[in-house]
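Asks: The residues making up each chain are set out below.
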Amino acid sequence: MQPLTLWRLLIRCAILAAILLVVVIGALKFGAVRVSLWGLGHDLLDVILHKSSSISSDYGMIVRDIRFPRIILAIFVGASLSIAGTSFQALLRNPLADPYVLGVSSGASLGAVLALIVEPHLALPSAVAALFTPLGAFVGAACAVTAVYFLGRREGQIDSNTLLLAGIISTSFLSAIIISLMTTLISRDLHGMQFWLMGDLSIPLQQNLRWILGVAFALAAVAIYTTAGDLNLLLSGEREAMHLGVDVPRVRLVVYIAASLLTGLAVCVSGTIGYVGLLVPHVMRWIFGSDHRVLLPTAAFGGAIALVIADTFARTVVAPSEIPVGAMTALVGAPLFIYLLRKRLA
Amino acid sequence: MAASRNSAAQNALDAARASSEVRLSVEQVSYAYSPNPAQAPLFTLEASSFQARPAEIVAVLGPNASGKSTLLKLIAGALEPMSGRVLLNGVVTHSLSPRDRAQRIAMVQQESPLPFPFRAWEFVLQGRHAYGRSLRFESDQDIAIARNALAQVGGEHLTDRFMDQISGGEKQRVILARALAQQPQLLLLDEPTLHLDIGAQVNLLETLRRLAAANRYTVVVVTHELNLAAEYSDQVVLLQRGRSLRVGPPAAVYQRELLEQVFQTSLSVELGSSGRPRVSILPGPPS
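These protein sequence lines map, in sequence, to chains X and R. For the first sequence, this note's numbering begins at 1 and goes up steadily by one. For the second sequence, this note's numbering begins at 1001 and goes up steadily by one.
One thing to keep in mind: the hints can contain errors.
[To be verified] Derived DEER-like restraints, expressed as beta-carbon distance ranges:
| no. | chain 1 | residue 1 | chain 2 | residue 2 | range |
| --- | --- | --- | --- | --- | --- |
| 1 | R | D1100 | X | L44 | 29 to 39 Å |
| 2 | X | R250 | R | R1243 | 51 to 61 Å |
| 3 | X | L135 | R | S1083 | 42 to 52 Å |
[To be verified] So these bits of chain X aren't anywhere near chain R, every CB distance computed over 10 Å:
| no. | residue |
| --- | --- |
| 4 | V24 |
| 5 | L197 |
| 6 | G245 |
| 7 | V248 |
| 8 | R252 |
| 9 | V332 |
| 10 | F337 |
Since the hints were made in silico from the structure, they are not lab data. Note that the Cβ used here is the ideal one computed from N, Cα and C, for glycine as well.
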């Protein structure tokens, strides 16, 4: 018997934060242009100690303006997808649920694409216009969650297999709509089809969106974390959780909205990246156990670590050209998914 | 004047005594399930009443679809009755918030399998959820209560085992321990002996009787086991197709004609060595 204490939680998070730091430094070093780790460390130290104002110029631009923003993006997207995946797995009591498998990512993609198409016709003030795509992605994600939730029910109960099938069919249907829209609108200044279907971290985030998305991420993550204890009880079933004192409808609403928001944010900045939200929670559960008070923060770190690594490989294996990061995660994730599926059926 | 004040005080005292005596009062509750309000209901539970005191075990009996589980949900406050009310210490159970309800009423029911592994102690600690904020870590007191709950059901050796790696009887005991950790006044059980072998069934009910006496729980248990109900309950509520046919001590309810008519099979009822009625099946159609 080893009950959770704040101390135990912080130690686990600190270990993962340290691993994340190492991974980030590695990701800064590797790429089409090699950067000396020693020189980089030396320069970073100088900047931190205010001895010089910037990293030395021969690779400063690459590290500061290209790799670093991209790594930060990967951290937030990985964390968002993992938190969303963990929440969906708990609420739907399904180990194979995640934003990608459930079709929530595709819903967000479609919402974002529609918002991009509609936005120029609305003559919105620029502040609202910048938020229009994330908003579209959120609405798309929320609609997809609602649809899958109702399609996945049989006789009032969530049926695992029906749910997964509903998700897969929704994904293929929504992808077809996205492809149709993209081909008819090929001349438009939208991200490529690859972005919305496979995921891509190479497109830098617009400056004015950074803070807003950061705040939205924090709000959604904190909202989900306040339900961590309730999610543990919901694993026993909704009726059981209710008898143990969980306000089930409230928790369900909070978590669905927050998880849709996280998925929408991730999708509108990086397209649909699969398998991170599915597999990272499993790895973390295997290491740290099923208590969501530990699982949610560790999954956030784990998702960040996994996606930074995946993106580093995506940038480097065929340098100077790149593999889409979603292809990278699918290459590793799909076989693992099959393994989990077989294990569950066994 | 003084006399009337006296009698008012006397009345209040009587009321207090009465409410401390009767803990659970089910008053003419009824319910109807219907897929939509325009249609005739698929199932109705007609007005049912009974009362139970602390340390008393009430068994709810009846064939499938007789309304046993509906009655239990109404008592638990999970369903709102169409008419009538359920009072626990004078408070309407349905009006309580989930949190307040979980501090007073614990429900043991057929668990769906957990999608992810939990250890028994983590599972029992979930019974303390209603006493803490969702982010608060369990206090030493919570941990002591959970340990004690597991000890009360004889499950100390299960503490660090995973829930999916223990037997059905052991699992049922851990589930009962989680309910005890809620420190309820009212303990509700929905077919707790289902899928258990006869030894585990007796073991569970012995535990239940011991705990009801020691902790003064009022216990309501829905079951199909006529003989176990006769042996261990103080009161029996017999239901048939949504009607409460009879309420009373086992000896009063266990009458051959009545049980044969309700369960649609030939039975014999005699007095067992414990002084409680015993039901045996007689193969063949009802006489």
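Asks: With reference to the structure, classify each hint as holding or not holding.
Replies: The hints, checked one at a time:
no.: 1; hint: D1100/R <-> L44/X: 29 to 39 Å; verdict: violated (55 Å)
no.: 2; hint: R250/X <-> R1243/R: 51 to 61 Å; verdict: violated (36 Å)
no.: 3; hint: L135/X <-> S1083/R: 42 to 52 Å; verdict: holds (47 Å)
no.: 4; hint: V24; verdict: holds (29 Å)
no.: 5; hint: L197; verdict: holds (30 Å)
no.: 6; hint: G245; verdict: violated (3 Å)
no.: 7; hint: V248; verdict: violated (8 Å)
no.: 8; hint: R252; verdict: holds (13 Å)
no.: 9; hint: V332; verdict: holds (22 Å)
no.: 10; hint: F337; verdict: holds (16 Å)
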